[in-house]
Every structure is written in C-alpha cells, then in structure tokens.
Amino acid sequence: MEAITVNNVSKNFRIPHERKTTVFQNIVGILKGQTGYEQFWALKDISFSVQKGETFGIIGKNGSGKSTLLKILAKVMYPDSGAVATQGKIAPFLELGVGFQSEMSARENVFIYSSILGISQKQTRKNYDDIFEFAELKRFEDMKLKNFSSGMYTRLAFATAVYSNPEILLMDEVLAVGDEAFQNKCMDKINEFRSQGKTIVLVTHATDAVKKLCSRSLLLNNGTMVSIGDSAKVLDAYHALG
Numbered sequence: 002m003e004a005i006t007v008n009n010v011s012k013n014f015r016i017p018h019e020r021k022t023t024v025f026q027n028i029v030g031i032l033k034g035q036t037g038y039e040q041f042w043a044l045k046d047i048s049f050s051v052q053k054g055e056t057f058g059i060i061g062k063n064g065s066g067k068s069t070l071l072k073i074l075a076k077v078m079y080p081d082s083g084a085v086a087t088q089g090k091i092a093p094f095l096e097l098g099v100g101f102q103s104e105m106s107a108r109e110n111v112f113i114y115s116s117i118l119g120i121s122q123k124q125t126r127k128n129y130d131d132i133f134e135f136a137e138l139k140r141f142e143d144m145k146l147k148n149f150s151s152g153m154y155t156r157l158a159f160a161t162a163v164y165s166n167p168e169i170l171l172m173d174e175v176l177a178v179g180d181e182a183f184q185n186k187c188m189d190k191i192n193e194f195r196s197q198g199k200t201i202v203l204v205t206h207a208t209d210a211v212k213k214l215c216s217r218s219l220l221l222n223n224g225t226m227v228s229i230g231d232s233a234k235v236l237d238a239y240h241a242l243g
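The number in the numbering used here is simply the position in the sequence shown, starting from 1, with 1 added.
Everything labelled a hint here was simulated from the structure, so no lab data went into it.
Don't take each hint at face value.
As the list claims (entries may be wrong) - Quick list of in silico lysine-lysine cross-link-like pairs, DSSO-like style, CA-CA up to 27 Å:
| hint | residue 1 | residue 2 |
| --- | --- | --- |
| 1 | Lys-53 | Lys-76 |
| 2 | Lys-72 | Lys-186 |
| 3 | Lys-145 | Lys-123 |
| 4 | Lys-62 | Lys-234 |
| 5 | Lys-190 | Lys-212 |
| 6 | Lys-139 | Lys-123 |
| 7 | Lys-62 | Lys-76 |
| 8 | Lys-62 | Lys-213 |
| 9 | Lys-76 | Lys-90 |
| 10 | Lys-45 | Lys-190 |
| 11 | Lys-76 | Lys-123 |
| 12 | Lys-186 | Lys-212 |
| 13 | Lys-76 | Lys-139 |
| 14 | Lys-234 | Lys-45 |
| 15 | Lys-76 | Lys-190 |
| 16 | Lys-62 | Lys-123 |
| 17 | Lys-147 | Lys-45 |
| 18 | Lys-127 | Lys-145 |
Please take these sequences and the hints and turn them into a complete structure.
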C-alpha cells in the first residue's frame, strides 16, 4: 500500500530582476518584452511513490530541490503542477519550532507547538514528561525560550514532534540536531519508528545514514530526478556528480 504518491510535480519560483532606475528604462524593458523577474524551476516533473512502512531517502547537492520537495509533501507548500497524495497523519520535521514564542516558557511552548502539530491538550499532557525527558530539558521547563541555546530549542521542538504519534515522518537533516549523543538518540528513535511500521522520508547529506536506513532513495539534481531505486545504486550516482 502506498503511503505517498507523487505525480509529475513541478514547482516554479519567480526571481526578481534588478529594478529599473528610471521610467524610461521601464518603458524600454516593456517594449522589449522584458519582465521584472525570471522563472526558476526548483522541481521539474517529479514522480515517485513511497510504500507504507518504508524508509525512503532523498539526496542531492545543496539547491537540488530536496527541501522544496519535502515541503510539498508536508503540504506547507503547493506545486504549480502535478499532485501529491498521502495516506496517514504526517509529522513534518522541517522548520522545527515554527510557532514557538520566545517570551513564553518551555512548558507553555510544548502545548503551543503540540497544538500546531494537531495534538490535543489531553494527549500533550500524557506525553509531557516523555517530551522533556527525551529533550533532556526537565530542569528548564519553566525557563523562557529566549534564554535557550539553539541546541536546546531544537531538541525541544524535535522531542515534541516525535511524540505527536505520526504515521508518516518527513525529516529534513534531523540527524544534525544537537550534539553527537542526542544525534544517536534521534537515530534510535528513527529505528523505533521503523520497527513500528511508520513511513519515513529522510532528507540528509549523511550518506552513511541513507545506506543504513533506506532501502530505496531518490537523487535530485537541479530540480530533476537523476536516479531512483536501490540506495546503493542511487548513492553511486550521487558520488558521480562530483
């Protein structure tokens, strides 16, 4: 059964040109058919599917379209053409902590962020101790977020999202969260999700993690699909890009 289906997805952005400094220059530009922007295709005709319970990797150089694709899967961005279908509750580990309030305590922010992720207050209260234990921040639950380090901030956001009980996890470079010990804890949690039959889409530069976790992967380059299938084959294509 397919948890995610992507059909011919394309995404275009408009990049503004340097503004004309005079009315005359604007008129000349219009007469020449020049627009005030250029088209940039971040994704072009992307199609693939992810099976329920599969851990699927998305790799590519910086600017290849990986994060744009993940945002479209999470429905925080929409394609200009094509379609995406998903089956199951999604937890997007993208811009972790969106909605956090710096003047409020960690305790209050856990409830705010949980609400954004679609978790009821009752479930958040049930998860509360586990969230702070996982984040290793129990001592700081009453501290305002403005006094948190970036690592503490990210750990709190990650731990809250982990306990949203998703069926599909969309993870963008989560293996770079926190220090090495916390990264190992994240890896253990990913393996726990895999054993539970969760569907995971992993965007990462950590090729060892892709090799270890993902049976199949997709390689993007300049917004196009270069290779898809067995992760070992896709990683060979990735390294061949230079």
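Cross-check of the supplied hints:
1. Lys-53 with Lys-76: Satisfied, since the Cα-Cα distance of roughly 18 Å is no more than 27 Å.
2. Lys-72 with Lys-186: Distance of about 25 Å is within 27 Å: holds.
3. Lys-145 with Lys-123: holds, 23 Å
4. Lys-62 with Lys-234: Status holds; Cα separation ~17 Å.
5. Lys-190 with Lys-212: holds, 17 Å
6. Lys-139 with Lys-123: holds, 20 Å
7. Lys-62 with Lys-76: holds, 23 Å
8. Lys-62 with Lys-213: holds, 20 Å
9. Lys-76 with Lys-90: holds, 12 Å
10. Lys-45 with Lys-190: Given pair Lys-45, Lys-190 is violated - Cα atoms ~33 Å apart, limit 27 Å.
11. Lys-76 with Lys-123: holds, 26 Å
12. Lys-186 with Lys-212: Answer holds: Lys-186 to Lys-212 is near 19 Å, not above 27 Å.
13. Lys-76 with Lys-139: violated, 32 Å
14. Lys-234 with Lys-45: holds, 22 Å
15. Lys-76 with Lys-190: holds, 24 Å
16. Lys-62 with Lys-123: Not OK: Lys-62 and Lys-123 at ~42 Å, beyond 27 Å, violated.
17. Lys-147 with Lys-45: violated, 40 Å
18. Lys-127 with Lys-145: Satisfied, since the Cα-Cα distance of roughly 22 Å is no more than 27 Å.
Of the hints listed earlier, those the structure fails to meet are numbers 10, 13, 16 and 17, in rising order.
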